[in-house]
Amino acid sequence: AQKITQTQPGMFVQEKEAVTLDCTYDTSDPSYGLFWYKQPSSGEMIFLIYQGSYDQQNATEGRYSLNFQKARKSANLVISASQLGDSAMYFCAMRDGQAGTALIFGKGTTLSVSS
Amino acid sequence: DGGITQSPKYLFRKEGQNVTLSCEQNLNHDAMYWYRQDPGQGLRLIYYSQIVNDFQKGDIAEGYSVSREKKESFPLTVTSAQKNPTAFYLCASSTRGRTYSNQPQHFGDGTRLSIL
Chain W
1 AQKITQTQPG
11 MFVQEKEAVT
21 LDCTYDTSDP
31 SYGLFWYKQP
41 SSGEMIFLIY
51 QGSYDQQNAT
61 EGRYSLNFQK
71 ARKSANLVIS
81 ASQLGDSAMY
91 FCAMRDGQAG
101 TALIFGKGTT
111 LSVSS
Chain D
1001 DGGITQSPKY
1011 LFRKEGQNVT
1021 LSCEQNLNHD
1031 AMYWYRQDPG
1041 QGLRLIYYSQ
1051 IVNDFQKGDI
1061 AEGYSVSREK
1071 KESFPLTVTS
1081 AQKNPTAFYL
1091 CASSTRGRTY
1101 SNQPQHFGDG
1111 TRLSIL
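Respectively, the protein sequence lines represent chains W and D.
In terms of our numbering, the first sequence opens at residue 1 and continues consecutively.
In terms of our numbering, the second sequence opens at residue 1001 and continues consecutively.
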């Protein structure tokens, strides 16, 4: 069965530092996509970055990058130069052929950025 | 602006009562989804619909029902059979696409449901 594992319940970082949020996944489907979402305390889900299973290069979007290691089945999110506004819950999610276009989510990591 | 509108923002349910959560999108997306989020937890799929008049159960469909009569609308009913309905409910939509499509799901702002 498909599964997403985020092992860090909480992470703490100081402003301007980089932080890595871990995500491992499990699927038997060779075609899949990995997504990261940010959820501030207000509750909305904000899409950050996507990595496809066939993508040769790691995805980047501004201060967000994805460290994709296919053999290890990991897709860690790297946030460079953390800002106070980055404090939120972060979810890793996967889409594969078993649930159509629905996403399977991990339990999330709470990131706290301090000044 | 295109987006997803969920209403109400807060909802209270009495014992034995059915309640319906509204989800409307104007993104022209074929696929729509309902997720449940419990405190400190990830999102779990309740139901999803890839096309009008068709929907499938997700991982936790028991005690819930949906309809998809229009492309824009995907209401969720929390029935009295759902014994622990207190949670944050999120509706999402996306293009149907391929499983490895890079098109993300777009989410509404959610509905917080509590038991009275």
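Source of the hints: derived by calculation from the structure; they are not laboratory data.
Some hints here could point you the wrong way.
[Claimed, not checked] Quick list of in silico lysine to aspartate or glutamate cross-link-like pairs, EDC-like style, CA-CA up to 16 Å: (1) W:K73 / W:D22; (2) D:K1009 / W:D22; (3) W:K3 / D:E1024; (4) W:K107 / D:D1059; (5) D:K1071 / D:D1038; (6) W:K70 / W:D55; (7) W:K107 / D:D1038; (8) W:K73 / W:E44; (9) D:K1071 / D:D1030; (10) W:K3 / W:D22; (11) W:K73 / W:D26; (12) W:K107 / W:D29.
Problem - Restraint check for K107 (chain W) with D29 (chain W), where alpha carbons must lie at most 16 Å apart - result: 22 Å, violated
Practice task
With a cut-off of 16 Å on the C-alpha distance, tell me whether K3 (chain W) and D22 (chain W) pass.
Solution key: 14 Å, holds
Problem - Hinted pair K107 (chain W) and D1059 (chain D), Cα distance within 16 Å - result: 15 Å, holds
Problem - Straight-line alpha-carbon gap K1071 (chain D) to D1038 (chain D), limit 16 Å - result: 28 Å, violated
Exercise for the section: Please work out if K73 (chain W) and D26 (chain W) have their alpha carbons no farther apart than 16 Å. Expected result: 7 Å, holds
Practice task
Decide if the proposed pair is consistent with the structure: K3 (chain W) and E1024 (chain D), CA atoms, cutoff 16 Å inclusive.
Solution key: 29 Å, violated
Practice task
Please work out if K1071 (chain D) and D1030 (chain D) have their alpha carbons no farther apart than 16 Å.
Solution key: Between K1071 (chain D) and D1030 (chain D) the Cα gap is close to 7 Å, so the pair holds against 16 Å.
Practice task
Decide if the proposed pair is consistent with the structure: K107 (chain W) and D1038 (chain D), CA atoms, cutoff 16 Å inclusive.
Solution key: 10 Å, holds
Exercise for the section: With a cut-off of 16 Å on the C-alpha distance, tell me whether K73 (chain W) and D22 (chain W) pass. Expected result: This hinted pair holds, its Cα atoms lying about 11 Å apart.
Problem - Hinted pair K1009 (chain D) and D22 (chain W), Cα distance within 16 Å - result: Measuring from Cα to Cα gives roughly 32 Å; hence the hint is violated.
Handout entry: Pair hint K70 (chain W) and D55 (chain W), alpha-carbon separation not exceeding 16 Å
Key = Measuring from Cα to Cα gives roughly 10 Å; hence the hint holds.
Problem - K73 (chain W) paired with E44 (chain W) [C-alpha distance capped at 16 Å] - result: 28 Å, violated
Checked against the numbered hints above, the structure violates hints 2, 3, 5, 8 and 12; every other hint is satisfied.
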